[in-house]
Amino acid sequence: MVIRQPQLEDKFRTDESGRYGEFGGQYVPETLMHAVLELEKGFKEAISDPSFLQEYHRILQDYSGRPTPVTFCERLSNQLGGARIYLKREDLNHTGAHKINNAVGQALLARRMGKRQIIAETGAGQHGVASATVAAYFGMPCKVFMGAVDVERQALNVFRMKLLGAEVVPVHSGNGTLKDAVNEVLRYWAANSEDTAYIDGSVVGPHPYPMIVRDFQRIIGDEAREQMLQKVGKLPDAAFACVGGGSNAMGLFTAFLKDPVRLFGAEAGGKGVATNDHAATLTKGSVGIVHGMKTFLLQDRNGQITEPYSISAGLDYPGIGPEHAFLSESGRATYEAITDNEAVDALITLSRLEGILPALESAHGLALAMKKAKTMSPEQNVLVCLSGRGDKDVNTILRIMDERNGGKVNDDEDE
Amino acid sequence: MTTRMNEYVNRDRGMMFIPFITAGDPDNEVTIELALMLQSIGANALELGIPYSDPLADGPVIQSASKRALSHGETLSEAMSLVKTMRQKGLNIPVIIFTYANVLSQFGLEAFFKKAEADEIDGLLIPDLPYEESRALAESCRKRDISLISLVAPTTSERRLRLICRDAQGFIYCVSSLGVTGVRKTFHPDVFSFLKRVRQVSDLPIAVGFGISSSEQVDQLEDYADGFIVGSAIVSEIGQRSNQLSDPLQRPAAINEIRQKLCQCLLAPIS
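Respectively, the protein sequence lines represent chains A and B.
Residues in the first sequence are numbered from 1 upward in steps of one, following the numbering used here.
Residues in the second sequence are numbered from 1 upward in steps of one, following the numbering used here.
In case anyone wonders, no lab produced these hints; they're calculated from the structure.
The beta-carbon is built from N, C-alpha and C at its ideal position, and this holds for glycine as well.
Hints may be right or wrong, so weigh each one.
[What the hints assert, rightly or not] Here are a few chain B residues that face chain A, going by a calculated C-beta distance under 7 angstroms:
hint	residue
1	Ala57
2	Gln63
3	Ser71
4	Val103
5	Glu133
6	Ser134
7	Gly179
8	Pro189
All chains should be modelled from the sequences, with the hints used to inform the complete structure.
Okay, here's the thing in structure tokens:
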């Protein structure tokens, strides 16, 4: 694999109007403008205050167990016979995924800005759980907006959020899924921004959210870069992450934008990009405006947003972060679709060979890394963001095993 | 030059009534007849809403109307063509197309302007396109004599209010309450001082919208504004009679019921 020298490096910073090339921006009703402008001001002040950053890092260390390690996958690398595979272990965070990094940062910001209540949207429930967790930690009330269909599908996470003291608000509008939960949380925020902070779960939404979430997630890449230099003595040749909205990928990529490191994002290919059942926004979508941002999205020819599909609920989003849209258009990062089946295969392989059960989301990034690693030499190294652990997915995996081979987990298992 | 918008929407018209309906809710025939009925009870302009899958600025009533219209595939193009038919049937008042940014951008700006001219459309309102994102569009609209209607809210800062009003066209749409469209009993406490602030910085007519459903509310606004916009309160009456409106035999009676309801609750003078 040829390593291309990245260009445009200084253009990756967010400009004043929240643009990444033509993408991003603030496409929100006037009733929300006050809230996003106040947030932008509050964030810029906070992020340039050393005591704020110190507190953020202290909480992530004491409460979430950071820094998370980088693990070398010896057996997996040997079996593939290509590049050596390293995992950034975000699955070892408190609550089991990278979502906590951002939730801690935004809750700290909310407290600093004098807000008394936290609201959040959630699809599968991971960001809802992270938000409910930090709300409990900071002693703030928390409302989590969740599509009514998702409330049914993700009963366990609904229970977890309630256990943590959050109120789960089922959203019946639209299709009752993640995109509708985002609309509803923005509507609620427009009416209540005076005392309420909205914690956005991914690098999506109106400016300044894509910037805020990226900056609170870049700890993933900053740590991993340092750890690779210490462990391997050089930077990885390529870095991989799964992309729904794209927060763990932005967190990883940001540290390597100026380095000769190839960047790969794995989109959810669902049942295949030739079908209608996928969430491959960059592979199959077109430019449009949704949830306050200009980006690539899945829509029909009349501009109505269509419903995405993925086996992994965390990748099931019709848009993508505007900075990813820009990295893709500029050629700095490459995005490829990974199907449900490829992700499940990668999940099983990692479980068997390394004793690590990844989240179905993370398994997409891993599957793409395994594909590329095979074509590389053993002198090369690849880094994969293992964004979360797979315990939450065991029921889904069990169902697939049932469909594949009558419930046998191992091929040699007795009936 | 005098446009239909300036002619029908100006500060000498008394308290102007600007109704909103969703195109294609429950079907296109009904939308045409509702527009004519609204003109007959004194509407000064019509806001024609284009249904969208993700209407961020709208409350549950207009969301449901969008869903009903989208269920039979209503599009921006179809909705604009309805205006041409309305004109042929005697609609004289200005028509403002209310559409979310994505629907318009997929249709294409040039295509929109061309069709707007052919179908005699007078204004454009894009609820998710704030001042900062609308500069280029405002310039194009000015060249085509299409009024791009700007929204301001009680939370809009003094600096932004001045900028928005400086470039505004047609009338200033003042949002009476925070959050989304929908019927409310009371106004935001700051609304009257807010309307005074708007009056100080703009010579354009001021119309108040979001949450208006009664003639008592209209009465309260009379000293501060030139007009009022009613959406959810009308759309809710339409929604309750979806089945009757869809049936050509029951339609005239249903439209008459809506007319009477609006005249009694909204347009009746307070004695």
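Now for the hints, and whether the structure bears them out:
1. Ala57: holds (4 angstroms)
2. Gln63: holds (5 angstroms)
3. Ser71: violated (12 angstroms)
4. Val103: Status holds, d = 4 angstroms.
5. Glu133: holds (6 angstroms)
6. Ser134: violated (10 angstroms)
7. Gly179: holds (3 angstroms)
8. Pro189: violated (12 angstroms)
Hint compliance for this structure: hints 3, 6 and 8 are broken, all remaining hints hold.
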